[in-house]
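There are 4 protein chains.
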Amino acid sequence: MTYIKVGLIGYKFMGKAHTQAYKNTNFYFEPQDPFQLKAICGRNEESVKAAAHTYGWESSETDWRSVVERDDIDLIDIVTPSNTHKDIAIAAAKAGKHVLTEKPMALNVSDAKEMLKAVTDAGVQHMVSFNYRRVPAIALAKRMIAEARIGNIYHMRAHYLQDWLADPQSPFAWRLDKNVAGSGAHGDLNAHIVDLARYLVGEFAEVIGMSETFVKERPVDNGKEGKRDVTVDDTTLFLARFDNGAVGNIEATRYATGRKNKNYIEINGSRGSIVFDFERMNELQFFSNEDEEHVQGYRTILVTEPDAHDYMKAWWPPGHLIGYEHAFTHQANDLADAITRQKPVYPNFEDGLRCQQVLEAVENSVKTRTWEMVEKSNG
Amino acid sequence: MTYIKVGLIGYKFMGKAHTQAYKNTNFYFEPQDPFQLKAICGRNEESVKAAAHTYGWESSETDWRSVVERDDIDLIDIVTPSNTHKDIAIAAAKAGKHVLTEKPMALNVSDAKEMLKAVTDAGVQHMVSFNYRRVPAIALAKRMIAEARIGNIYHMRAHYLQDWLADPQSPFAWRLDKNVAGSGAHGDLNAHIVDLARYLVGEFAEVIGMSETFVKERPVDNGKEGKRDVTVDDTTLFLARFDNGAVGNIEATRYATGRKNKNYIEINGSRGSIVFDFERMNELQFFSNEDEEHVQGYRTILVTEPDAHDYMKAWWPPGHLIGYEHAFTHQANDLADAITRQKPVYPNFEDGLRCQQVLEAVENSVKTRTWEMVEKSNG
Amino acid sequence: MTYIKVGLIGYKFMGKAHTQAYKNTNFYFEPQDPFQLKAICGRNEESVKAAAHTYGWESSETDWRSVVERDDIDLIDIVTPSNTHKDIAIAAAKAGKHVLTEKPMALNVSDAKEMLKAVTDAGVQHMVSFNYRRVPAIALAKRMIAEARIGNIYHMRAHYLQDWLADPQSPFAWRLDKNVAGSGAHGDLNAHIVDLARYLVGEFAEVIGMSETFVKERPVDNGKEGKRDVTVDDTTLFLARFDNGAVGNIEATRYATGRKNKNYIEINGSRGSIVFDFERMNELQFFSNEDEEHVQGYRTILVTEPDAHDYMKAWWPPGHLIGYEHAFTHQANDLADAITRQKPVYPNFEDGLRCQQVLEAVENSVKTRTWEMVEKSNG
Amino acid sequence: MTYIKVGLIGYKFMGKAHTQAYKNTNFYFEPQDPFQLKAICGRNEESVKAAAHTYGWESSETDWRSVVERDDIDLIDIVTPSNTHKDIAIAAAKAGKHVLTEKPMALNVSDAKEMLKAVTDAGVQHMVSFNYRRVPAIALAKRMIAEARIGNIYHMRAHYLQDWLADPQSPFAWRLDKNVAGSGAHGDLNAHIVDLARYLVGEFAEVIGMSETFVKERPVDNGKEGKRDVTVDDTTLFLARFDNGAVGNIEATRYATGRKNKNYIEINGSRGSIVFDFERMNELQFFSNEDEEHVQGYRTILVTEPDAHDYMKAWWPPGHLIGYEHAFTHQANDLADAITRQKPVYPNFEDGLRCQQVLEAVENSVKTRTWEMVEKSNG
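Chains as they are written, first to last, in the numbering used here: chain A, 1 to 379; chain Y, 1 to 379; chain F, 1 to 379; chain W, 1 to 379.
Just so you know, not all the hints are guaranteed correct.
A pair holds if it fits inside one copy or across any two, identical chains being indistinguishable in the list.
No more than 30 Å apart at the CA atoms, straight line, and that leaves these computed lysine-lysine pairs for DSBU-like [as the list claims (entries may be wrong)]:
#1 K5 to K216
#2 K49 to K216
#3 K216 to K117
#4 K260 to K142
#5 K49 to K117
#6 K5 to K49
#7 K262 to K49
#8 K224 to K262
#9 K178 to K313
#10 K376 to K216
None of these hints come from the bench; they were simulated from the model.
The structure presented is a predicted model; accordingly, all values stated were derived computationally and were not measured.
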């Protein structure tokens, strides 16, 4: 049996999510070429060794360069902070490895272009982990749009709402430091919406945005006195026009008290509408104006039918929910399939670049206070 | 212009609901023969005079017999307590008046039969005010069942939940005295469900029920000391078989904390299901297994379309809700139409009797602790 | 008994809504000085006579000037199209009448200022019919914000969604002609949101908006051939900053398939959030982060408690819903109270002007493609 | 390191669910003594070997007796059909193994008593896999009831609704044969409700039930002609009294079109209510009448807080859902903890017996058509 031998760079939250994906892909989907968990990598030797043991990796490393150079690795999976993605991805591509990277793909458009060039030149598989595309309800939305069930799209209205900063007394964290995190809600949450918008609606033409930092400084953590400046956006909102004439209204915030992980997307078209809310990720709402008038209404599709809904045959009977990490498992399975059969997989680095271009146009519009066109060149 | 001249016996909560119905029928529906508010009747002369003034009745009376005998009255509307319905209805019928009575129609099956005989002998119009039938969402449910949208019915699952007695310290009230109120939750709330069950599902075959009085005595009101025995049921539940083979599960309570007026009805059939909740009375949920499998789901129909939903043309544009009292207005308009065109109107006294027969069979089953057949004779 | 004698200019949809308000105020609220329906006015003599009869007005007129000049009128209520509001309101004020006008108050800021000056100079009562303020759930939201239940406001996210233009084949109508209607979704729907935003959040500082007309021409109606240009906005969206630092995201459209009258408002603050949806107008959602952590959640308040919720004592027991037109009744009752007791009533013409100033700033930003400050002077 | 060495008897749907539980317990919860997947057992040698490979078991066996006798096994986990549970469990106990069995524990009360005696005599750990107890929302409900948040319980209203038999043309299956399946909806679905009722409300006193088989015969499967009799219940409903005075209304069906796996539980008490729906298993609804009156409402608790909700620290950040199989993982972890620390774990075989006693009393009441007391002795 042929295995896809994985080297995982990073081992925290996302390292855990990706590891379970490789294992559960083998367990639930039985891919033709299963994953083999060859090496996990982190800078702290003791911690990464413990992670290797708990998660079931064959070996651990403390320098990502060693992993990239190992002959027994086919796929480099990057789940470290964004500022490290570029160097690792390019080195991996040059070493002939397939590359999967967490989102956002890069710190900026320029880096993303370099990364795209590297994987294209190397002829390896490349993928960005926009996991939402593999939530079955989103996959169903995509299919329904392709089936013309909502007709021509007029509106996309989306907001990704969290609340973990709503309390002005909650302490400073590294995610609030622009040097480390790149940006705040925009890069973290709007990135997801932008990818889904491109997936479901189409390419962005122009944008106008606003950002706000509600709490300008926060207490330092660890019992010490003093405050520290918050240097990222707490919220970023933007209006958009798509190439196909649709209108977009997109917002991300960490200050929506009571909203824990509400990635809400509503798309209105000439024949119908669809609505998704990640806090009820197993459901998709759908309205069709082709139903007879007296029985029209938003229906709540429970997206758990093994025989009708993508990915669900691998899991449980109808009405049995899946959870957050399952989308990573679906993603890993699709990637395995692409590697084995040498066929393309999406979202790839070009998708990652396009997303970056939209995010950057929004950032520019915040500064210029006027509309900005969205660039779409690859180099 | 011909008017339908009304005498209203009773002037409290239901007197107010019925009065507005007559006025709003004229206003919104413009019936061929409008209602004329001739006389309102109550035992307290001062109070009933004030009600006549506020509500806009031409005259007031203190003895219902006087109203029944007046030549300038066409319709007697009875909204007094249940123990008075029989005498007034029979006298009205003998005087050749049409009769509308609040539910429950009578204290028992025997009285209901006498009342039915009286109106039939007199050849007058007769109606029981089961107002829920005229909620547009229920009218839509009826239509959809007639259109075979849910196929053969397997299940009716209904509960009418209120919570105004959930606090064991809330004081005694006349509704808790069997001599005055006849029964508790059963006659008050299950009566509505039974009528809707007959309307939407069919006739009852047999029943088995249970009743409970959770709080056996309560503080007397008005600052006095002491307690008084509660002599009615706090809750009554029953299981049922319908003549057509469907299975019923019905429950009423005043102890469902947080449920204010939840008259919930779910009907499951071989092709679909419908769900109604009176706390969202402008909506009807509908599931159809004739939709394609991947887009099946419970849809929420907003029953406010002037062009598609019964009664709604008289009101506002789509998406503009109506409220509780509107069902009484619809009922009054249907009654006006029936009187003017001399055609039958439902639910009539036979429906009221059938409802009483089901309620009484349940009460019997509570005593005998075994299943009871439901009688369906008229005399 | 003293009456408030009303002259109503206009008699279609809003004429019906306002007429029922005067009648139902007398019926349900029994104001100290009840309304008297003196005169209704419209240009078509036959139609307005019929309306007077159906609705119960004492007389009808075909020239609004005649109504304004009548000595037996205290209050002029204007429900005609927006382009007529200014002349009627100023004439009424000069004649010493109180003035109530439908929204939007005027065609532009300049007219609104003249109107405000006229009523202020005349010392009469003046009110704009932003009826949503009198929906009990909105009144409750206002109260809860005043009670500091949601703390400092970070976000207002609001969209008013309808769908009656989603079908590109639906015919041209006067509302799509800028000369007649002034604007499209913006003036019709965003006007409501802007007033509620000012009511619940505070004054606007700056805005940036976009508009779109999805269907540029539509078939003419009445069986004739040919198309006609749509000259108003199908949708207008805007981002905003409030004076208090809150961030606004506001959108109105007539192309949100399946949304019939969804006026959705979400407000997130440092201690909690509230959510309102006009399609479920009897409910208000509320999240409090002051609940213990393991039992926090969005709660759905059924705003029907006679003893706890504004306006509800006049209506029915808990859990019995009210409908669209009830908010007009509440508005009429508050106006009666203000006239009788000579105390101020809101929203008044200054509120109407402020709303107009926000709407106009958005329109300007659509043209200039950059942020616009919101003017707040009265003259 | 000490391992808990598992022998799993059965390898289909439940075998998969239990296997992932052992693996994910090690992965997410890192128990002191992790599970070791020693042997999986099935009658078809080829199939069970494949399962061993896919799922990661060290060995496979075709005779459960061999597994029970192996020295390298600590825990026997039984996921085979109900009619095999008794023999395997008793043999395992006699061999000194801990025993986990799927529900329902046995075919009847008598067998359940023998099984309880065997594990008690052997002094081994014993557990029944009523997995719902480990859904975090149910664990939260239990905690909230213990905190007296809903006060004295008046009502439990629960129904477990599926729809896979709603189509009368769907073919016969072994689950419809009483000889194989024991019972239909009652043993399969009501068993879950009965266990949760005992967990959350208390012991049952008496019951009265009804059963129905809507479709008496069904086409045989596999392209052959002919029909076969359905010998189990399609639906079973029952009313109940609990020892503490609460009233129960319980129903299970496979004919509720559109309900895929709706295990709905509503409990009303003197101070509040809780509501659970397995189709939204990450949520728990809660109403408290101790909130101030104007802000009371049913709140939807998203039960995903790592710091506040049982089991959730092992998974993801707030607002990230878990799925169906996670409850099995929680169960496995609690069992590991109990085995390691030699402390009791619930629900045990006594709980399984109690459940059986309730189910059997309902079945008796269906036959006798009258109320039946629920026996509670252990032998």
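Here's how the hints hold up against the structure:
no.	hint	result
1	K5 to K216	neither (46 Å within a copy, 55 Å between copies)
2	K49 to K216	neither (39 Å within a copy, 61 Å between copies)
3	K216 to K117	neither (39 Å within a copy, 42 Å between copies)
4	K260 to K142	both (25 Å within a copy, 23 Å between copies)
5	K49 to K117	neither (34 Å within a copy, 46 Å between copies)
6	K5 to K49	both (18 Å within a copy, 25 Å between copies)
7	K262 to K49	neither (35 Å within a copy, 43 Å between copies)
8	K224 to K262	neither (33 Å within a copy, 49 Å between copies)
9	K178 to K313	between (43 Å within a copy, 28 Å between copies)
10	K376 to K216	between (34 Å within a copy, 28 Å between copies)
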